[in-house]
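S.K.: This is what each chain is made of:
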Amino acid sequence: KAGVTQTPRYLIKTRGQQVTLSCSPISGHRSVSWYQQTPGQGLQFLFEYFSETQRNKGNFPGRFSGRQFSNSRSEMNVSTLELGDSALYLCASSSGQGVLNTEAFFGQGTRLTVV
Amino acid sequence: DAKTTQPNSMESNEEEPVHLPCNHSTISGTDYIHWYRQLPSQGPEYVIHGLTSNVNNRMASLAIAEDRKSSTLILHRATLRDAAVYYCIPIQGAQKLVFGQGTRLTINP
Numbered sequence: 006k007a008g009v010t011q012t013p014r015y016l017i018k019t020r021g022q023q024v025t026l027s028c029s030p031i032s033g034h035r036s037v038s039w040y041q042q043t044p045g046q047g048l049q050f051l052f053e054y055f056s057e058t059q060r061n062k063g064n065f066p067g068r069f070s071g072r073q074f075s076n077s078r079s080e081m082n083v084s085t086l087e088l089g090d091s092a093l094y095l096c097a098s099s100s101g102q103g104v105l106n107t108e109a110f111f112g113q114g115t116r117l118t119v120v
Numbered sequence: 176d177a178k179t180t181q182p183n184s185m186e187s188n189e190e191e192p193v194h195l196p197c198n199h200s201t202i203s204g205t206d207y208i209h210w211y212r213q214l215p216s217q218g219p220e221y222v223i224h225g226l227t228s229n230v231n232n233r234m235a236s237l238a239i240a241e242d243r244k245s246s247t248l249i250l251h252r253a254t255l256r257d258a259a260v261y262y263c264i265p266i267q268g269a270q271k272l273v274f275g276q277g278t279r280l281t282i283n284p
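Those protein sequences? They're chains D and A, same order as listed.
Anchor point for the first sequence: position 51 equals 56 in the numbering used here, and the numbering is continuous, going up by one each time.
Anchor point for the second sequence: position 65 equals 240 in the numbering used here, and the numbering is continuous, going up by one each time.
For reference, chain A alone in the conformation it holds in the complex:
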């Protein structure tokens, strides 16, 4: 399993963009990069995933570095509901999610 490094915590203000970084330098060429988040008292929730090129969906954007050793999850306009722990998870052939410590995101009103 590829190792990931994420900041323990980050803080941002409501309605501002948030950039959550993840370093996954041991990733293999076939690993998909997934992001999940866990809101307080809830199960994890899928955010976005990609392989090589940048990806967008209604929740967020995922920017993947050209060498794929890092990626950034972008929340374009944070809301209070975005306060959660965000996990960056490279996934290879094994059908399992290996959660690290994640980044605890705090949103200030």
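One chain only, chain D, in its complex shape:
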């Protein structure tokens, strides 16, 4: 079956703009989480959604937001982009209630560059 699909794969934006990234989880998975990866901070948890509800949020400013739709697809939005938002954004999905006792499947990520 198809894996986790993230679009777009690459994106270049200007400071101050906003961006929306999309994630399509594996069919049947209801838990979707987002991570930011930078060389300096490594992989950091952004937020996690289950059945359209945000259950967990990482330590990021309010400019970072997300949502999940009834078909489990998820989007994350970053407003008023800063240079420091340049990163690889990864989405992961998992079956059942979430990642506690099962595996998370990651997408290839969206590489965002802010100039």
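Where hints are given, some of them may not hold.
[What the hints assert, rightly or not] Covered by chain D, per the in silico footprint, the following chain A stretches (three or more residues, Cβ under 8 Å):
1) 216 to 225
2) 266 to 273
[As the list claims (entries may be wrong)] Just a few of them, taken from the derived set where beta-carbon distance is under 10 Å, the chain A residues facing chain D:
3) T205
4) Y207
5) H209
6) Y211
7) Q213
8) Y262
9) Q276
10) G277
[Claimed, not checked] Keeping only pairs whose Cα atoms sit at most 30 Å apart, straight-line, the calculated BS3-like set for lysine-lysine is:
11) A:K244 with D:K62
12) D:K62 with D:K18
13) D:K18 with A:K244
14) A:K178 with A:K244
Hint data in this document are derived by calculation from the structure and do not stem from the laboratory.
Where is the CB? At the ideal position from N, CA and C, for every residue including glycine.
Assemble chain A onto chain D, guided by the hints.
M.R.: Positioned in the frame of chain D, the structure of chain A alone reads:
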């Protein structure tokens, strides 16, 4: 979130076993211990997880200490494709993966 300590880097030879240690002394009794790895230019990939007893799958084995304060990921016969950063992640009730710095594993041909 439980804190983890892993060596920054390790090196091994192809076709030899590799033992990757992780110290998680602040783990709680209900934390599952997960291992993920990230190959170059790819998203993280699940390797294995367990709670108390040792676990095996087609990729690796996970040995969990009796007091659960440490665990060891065992790759039985390393291949060049196993070169990656390996992350040990205790997970409690919160449905999230908290990645530390991980161990960068280099495999020599």
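S.K.: Any hints from earlier that this structure breaks? Give me their numbers in increasing order, please.
M.R.: 13
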